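4 protein chains.
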Amino acid sequence: MAKETTAEPLDVIPTEGENCHTAHHLCMPEDSRKRAARRLAIARGHLESIRRSLEDPNVYCVDVLRQIKAVQGALDGAASVVLRGHLEAHVATAATRGDEKELVEELMDALKYI
Amino acid sequence: MAKETTAEPLDVIPTEGENCHTAHHLCMPEDSRKRAARRLAIARGHLESIRRSLEDPNVYCVDVLRQIKAVQGALDGAASVVLRGHLEAHVATAATRGDEKELVEELMDALKYI
Amino acid sequence: MAKETTAEPLDVIPTEGENCHTAHHLCMPEDSRKRAARRLAIARGHLESIRRSLEDPNVYCVDVLRQIKAVQGALDGAASVVLRGHLEAHVATAATRGDEKELVEELMDALKYI
Amino acid sequence: MAKETTAEPLDVIPTEGENCHTAHHLCMPEDSRKRAARRLAIARGHLESIRRSLEDPNVYCVDVLRQIKAVQGALDGAASVVLRGHLEAHVATAATRGDEKELVEELMDALKYI
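The listed protein sequences derive, respectively, from chains A, B, C and D. For the record, in the first sequence the residue sitting at position 41 is 41 according to the UniProt record's numbering, with numbers rising by one throughout. For the record, in the second sequence the residue sitting at position 12 is 12 according to the UniProt record's numbering, with numbers rising by one throughout. For the record, in the third sequence the residue sitting at position 22 is 22 according to the UniProt record's numbering, with numbers rising by one throughout. For the record, in the fourth sequence the residue sitting at position 74 is 74 according to the UniProt record's numbering, with numbers rising by one throughout.
There may be inaccurate statements among the hints.
You can't tell identical chains apart in this list, so a pair holds if it fits in one copy or across any two.
[To be verified] Calculated cross-link-like contacts (lysine-lysine; reagent style DSSO-like; alpha-carbon spacing at most 27 Å):
1) Lys-112 <-> Lys-69
2) Lys-69 <-> Lys-101
3) Lys-112 <-> Lys-101
4) Lys-112 <-> Lys-34
5) Lys-69 <-> Lys-34
Since the hints were derived computationally from the structure, they do not count as laboratory data. Since the model is a prediction, treat every value here as computed from it, not as a measurement.
Pulled out of the complex, with its shape left as it was, chain A reads as follows:
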């Protein structure tokens, strides 16, 4: 899922580091990756506990609605971590690489679904 902004395929997948945030290859900052992964793991556990609660015939609709909304809040938080990392590492530096048109277009498209 790594980002290629030119047509030529890269022979070598860059290791994370100085050549990671170039016009050829944009990698998610490590800190964002780890923080987002942690939040997703928590959300998955919460989702599993809601799913299990639905095995009880006495579960109440509004309690389930509230739990689902709590998970959506957690996912908003995870998306926020990813978006901030993207803005800092890739969008704010776009003019120095020359891919600002493409990056803004792509981000606007992704945010539409928020």
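Starting from the known structure of chain A, arrange chains B, C and D on it as the hints suggest.
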């Protein structure tokens, strides 16, 4: 998490059926429960695959954002199933039980977080 | 825009009152109508002041974004007033009129766009 | 509401043009300003017609809900125009001015309310 609308505790948890949707005990319709559980199981699997994709240093921010948004869409779908069951089984029949004030208050409060 | 739940046209538009919330004609509760109208008038004024601020070449994007979001919050509030009135006056009493299927279907459809 | 990123006040408000997008002063791109203003004018007209419809005692709740949602969609469109202009003119060029930290912080804060 079953709903009690009176202060007196129930001695016996009603089995699902005719005495389930009374002012004393409101149970989630079985069909909603099963359909919501199925959707949550799928969302949990999707969430786990996103979390795993974050172990790859070459993962791209915008791909992750899009995946998180897809899971949020799935959770909206699950919440929709639950809300519809609640409206049909509990809210639309509230005037026949006399608990409309409480049910509407509670639902408005839960929807605030949507 | 009054709601007709039968195919036969009404000869007489009911005056607001006892025959307003029947299967033939569902009117918005007067209190909801007045409160929602007040909120919409305030939102419209706010929107006009944002529009005017855009005539100034020195206006800053993020300030405009924040102002638009404030108006959306006000509209959420107005929608909330209308939804609460609908749940209380129409949905919670649906089983006594026998139009619960139609009302829930219609509401779920309208909430999709929220 | 123009953006100042330094503490010293500007003696002269820059005219729109080359000195507009500097670390000292960020102006909204003219095209975004005009397009957003047009959309807000349409939304305001729509809002006024909903407000007027609420003077009719026969107005139906769900019709009002749908109309309010349509205006919120229009405001989402206007916010989108503003956000795109901001990303292109200010965020994508931040690293060339050195204010990326501040711009990303501010944008994340503004998007929280979306």
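Go through the numbered hints given earlier and state which of them the structure violates, listing their numbers in rising order.
Structure breaks no hint.
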